[in-house]
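Visitor: Sequence:
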Amino acid sequence: MDAEHRDGLSRWAEDLEGSEFEALRGAGWAIRTLCDANAAGVAIDPTEFKRRAKGLAGSEVAELRAAGRAIRTLCAENATLENRLEPNVAPTRRGGRTPSRRRAWVRSVRRWPDWLGISRRGAGIGLAALVAVGGIVGVAVAARAAALGVDATGPAPGAVIGAAGMASLSFSTSAADATWSVDGRPVRSVRRGDRYVCVPRKLADGEHTVVVSRRGRIFASAKRTFRFTIDSSAPRLRLDGAAVVRPGEPLHVAGRVEPGARLVADGRPLALDPRGAFRLRRASIPRKLVLVAWDAAGNTSRWRVPVTLVPRRP
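Numbering follows this note's numbering, with no gaps: position 153 of the sequence shown is 378.
No lab work stands behind these hints, which were simulated from the structure alone.
Positions of the beta carbon are idealized from the N, C-alpha and C atoms, including for glycine.
Treat the hints loosely; a few may be bogus.
Straight-line Cα separation of at most 20 angstroms, SDA-like style, residue types lysine to any residue; simulated pairs [what the hints assert, rightly or not]:
| hint | residue 1 | residue 2 |
| --- | --- | --- |
| 1 | Lys-513 | Gly-473 |
| 2 | Lys-427 | Asn-524 |
| 3 | Lys-427 | Val-385 |
| 4 | Lys-448 | Ser-438 |
| 5 | Lys-448 | Val-424 |
| 6 | Lys-279 | Gly-266 |
| 7 | Lys-448 | Gly-492 |
| 8 | Lys-448 | Ala-468 |
| 9 | Lys-448 | Thr-378 |
| 10 | Lys-513 | Pro-499 |
| 11 | Lys-513 | Gly-466 |
| 12 | Lys-427 | Ser-395 |
| 13 | Lys-427 | Ser-406 |
| 14 | Lys-427 | Arg-452 |
| 15 | Lys-513 | Ala-468 |
| 16 | Lys-275 | Arg-290 |
| 17 | Lys-427 | Pro-411 |
| 18 | Lys-448 | Ser-395 |
| 19 | Lys-513 | Val-470 |
| 20 | Lys-427 | Val-415 |
| 21 | Lys-513 | Gly-492 |
Ranges between beta-carbon positions, derived for each pair [claimed, not checked]:
| hint | residue 1 | residue 2 | range |
| --- | --- | --- | --- |
| 22 | Asp-261 | Val-424 | 44 to 52 angstroms |
| 23 | Ser-406 | Thr-305 | 31 to 39 angstroms |
| 24 | Pro-536 | Gly-466 | 16 to 24 angstroms |
| 25 | Arg-527 | Lys-448 | 23 to 31 angstroms |
| 26 | Gly-409 | Arg-506 | 46 to 54 angstroms |
| 27 | Asp-261 | Thr-450 | 31 to 39 angstroms |
| 28 | Arg-276 | Ala-429 | 37 to 45 angstroms |
| 29 | Gly-485 | Asp-402 | 25 to 33 angstroms |
| 30 | Val-517 | Ser-284 | 57 to 65 angstroms |
When you get a sec, could you build the whole thing from the sequences and use the hints?
Guide: Printed below as a string of structure tokens:
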């Protein structure tokens, strides 16, 4: 973990240590001490911490559960370190040997407060140096994000919105401090009752992204992302030829609409192949032929197809 991530995690731990709840203070102390272990770069037997993490996993407090997940992550990363904790010494300039920084750090661990709930033996053996890694920052931020929360509403994931749906397209949240962006551009929301509403304007056809986010203390944040597609184009119809029929013969009409659309002729659905092609046959000659198509976005097209009756030759 780089210095920036370690400092951020230490600030989060200090925030926990300021809590009125003893369990949160203990978790903060542990996390801050683990940051020191990360700086020392040593690895130890994590058995004691795995046991503690298992106990935190059942907590009703989100941040305590996050602390348990953090400890488990640290245990896994700690196993990859090569410098195992051992009573080693470092050479001095005069050729002698003095205790190394790792050993001095272990001695400081043994002075942890009793209210942390970790025995001194467990601290010396199991807690000496779980190494924090970049992934632990994500766990810490996730804990803050879970507590922060973003109760935003909007279209379903991957929704396709047509011309009619664009008139009612909006997003909202109850958070007054939320910020909004549409396709990466910041936009403002307006207050409507107890909700703050974002209404995107002039969206072109294609894929779009709306993000609502909140920032809490330290560097924690939470966000909700909506991805959807605008399709305001009405489905198109292509006929293979004119609707021409001779007396005594059935009417045949063939053509194609865009794939995925539905097609109805005079109120009756027509079968379409995967490419949108269709064939219509009528035994009697209709006075009029009306075709209506709907695409996945709800856009509608309506065609009145003229039917030409070719007279018999004398």
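Visitor: Each of the hints needs a verdict: does it hold here or not?
Guide: We went through each hint and held it up to the structure:
With a C-alpha separation of about 17 angstroms, the suggested pair Lys-513 and Gly-473 falls inside the 20 angstroms cut-off, and the hint holds. A distance of roughly 18 angstroms separates the Cα atoms of Lys-427 and Asn-524; the hinted pair therefore holds under the 20 angstroms criterion. At roughly 16 angstroms between alpha-carbon atoms, Lys-427 and Val-385 fall within 20 angstroms of each other, so this suggested pair holds. Annotation: proposed proximity of Lys-448 to Ser-438 holds, straight-line Cα distance about 4 angstroms (limit 20 angstroms).
Restraint check for Lys-448 and Val-424: satisfied, since their Cα atoms lie roughly 18 angstroms apart, inside the 20 angstroms limit. A distance of roughly 25 angstroms separates the Cα atoms of Lys-279 and Gly-266; the hinted pair therefore is violated under the 20 angstroms criterion. Between Lys-448 and Gly-492, the direct Cα distance comes to roughly 46 angstroms. Violation of the 20 angstroms bound is thereby established for this hinted pair. Of the supplied pair hints, the one linking Lys-448 and Ala-468 is violated, its CA atoms being roughly 56 angstroms apart against a limit of 20 angstroms.
Taking the CA atoms of Lys-448 and Thr-378, the gap is near 12 angstroms; set against the 20 angstroms cutoff, the hint holds. At most 20 angstroms may separate the alpha-carbon atoms for a hinted pair to count; Lys-513 and Pro-499 exceed this at roughly 27 angstroms. Pair hint Lys-513 plus Gly-466 holds up; C-alpha atoms about 16 angstroms apart against a cutoff of 20 angstroms. Annotation: proposed proximity of Lys-427 to Ser-395 holds, straight-line Cα distance about 13 angstroms (limit 20 angstroms).
Straight-line distance between C-alpha atoms of Lys-427 and Ser-406 comes to about 14 angstroms, which keeps the hinted pair within the 20 angstroms bound. With a C-alpha separation of about 16 angstroms, the suggested pair Lys-427 and Arg-452 falls inside the 20 angstroms cut-off, and the hint holds. For the hint linking Lys-513 to Ala-468, the alpha-carbon distance of about 11 angstroms falls within 20 angstroms, and the restraint holds. Under the criterion of a C-alpha separation no larger than 20 angstroms, the hint pairing Lys-275 with Arg-290 is consistent with the structure, at around 13 angstroms.
The suggested pairing of Lys-427 with Pro-411 holds, with an alpha-carbon distance near 15 angstroms, which does not exceed 20 angstroms. With a CA separation close to 17 angstroms, the supplied pair Lys-448 and Ser-395 stays within the 20 angstroms bound. Among the hinted pairs, Lys-513 with Val-470 is consistent with the structure: their alpha-carbon atoms are about 13 angstroms apart, no more than 20 angstroms. Between the alpha carbons of Lys-427 and Val-415 the distance comes to roughly 17 angstroms, so the proposed pair stays at or under 20 angstroms and holds.
Restraint check for Lys-513 and Gly-492: satisfied, since their Cα atoms lie roughly 12 angstroms apart, inside the 20 angstroms limit. Range check, Asp-261 to Val-424: about 50 angstroms between beta-carbon atoms, so the 44 to 52 angstroms window is met. Separation of Ser-406 from Thr-305 is about 38 angstroms and conforms to the stated range, judged on CB atoms against 31 to 39 angstroms. Here the CB-CB span from Pro-536 to Gly-466 is close to 19 angstroms, well matched to the stated 16 to 24 angstroms.
For Arg-527 and Lys-448, the Cβ-Cβ distance of about 42 angstroms falls outside the hinted range of 23 to 31 angstroms, so the restraint is violated. The given range of 46 to 54 angstroms is respected by Gly-409 and Arg-506, whose C-beta atoms sit roughly 52 angstroms from each other. Checking the proposed 31 to 39 angstroms range against Asp-261 and Thr-450 shows it holds: the Cβ atoms sit about 36 angstroms from each other. Hint check: Arg-276 to Ala-429, Cβ distance near 57 angstroms, so the stated range 37 to 45 angstroms is violated.
Distance hint check: the CB atoms of Gly-485 and Asp-402 are about 41 angstroms apart, inconsistent with the given range 25 to 33 angstroms. Roughly 59 angstroms separates the CB atoms of Val-517 and Ser-284, a value that falls within the hinted 57 to 65 angstroms.
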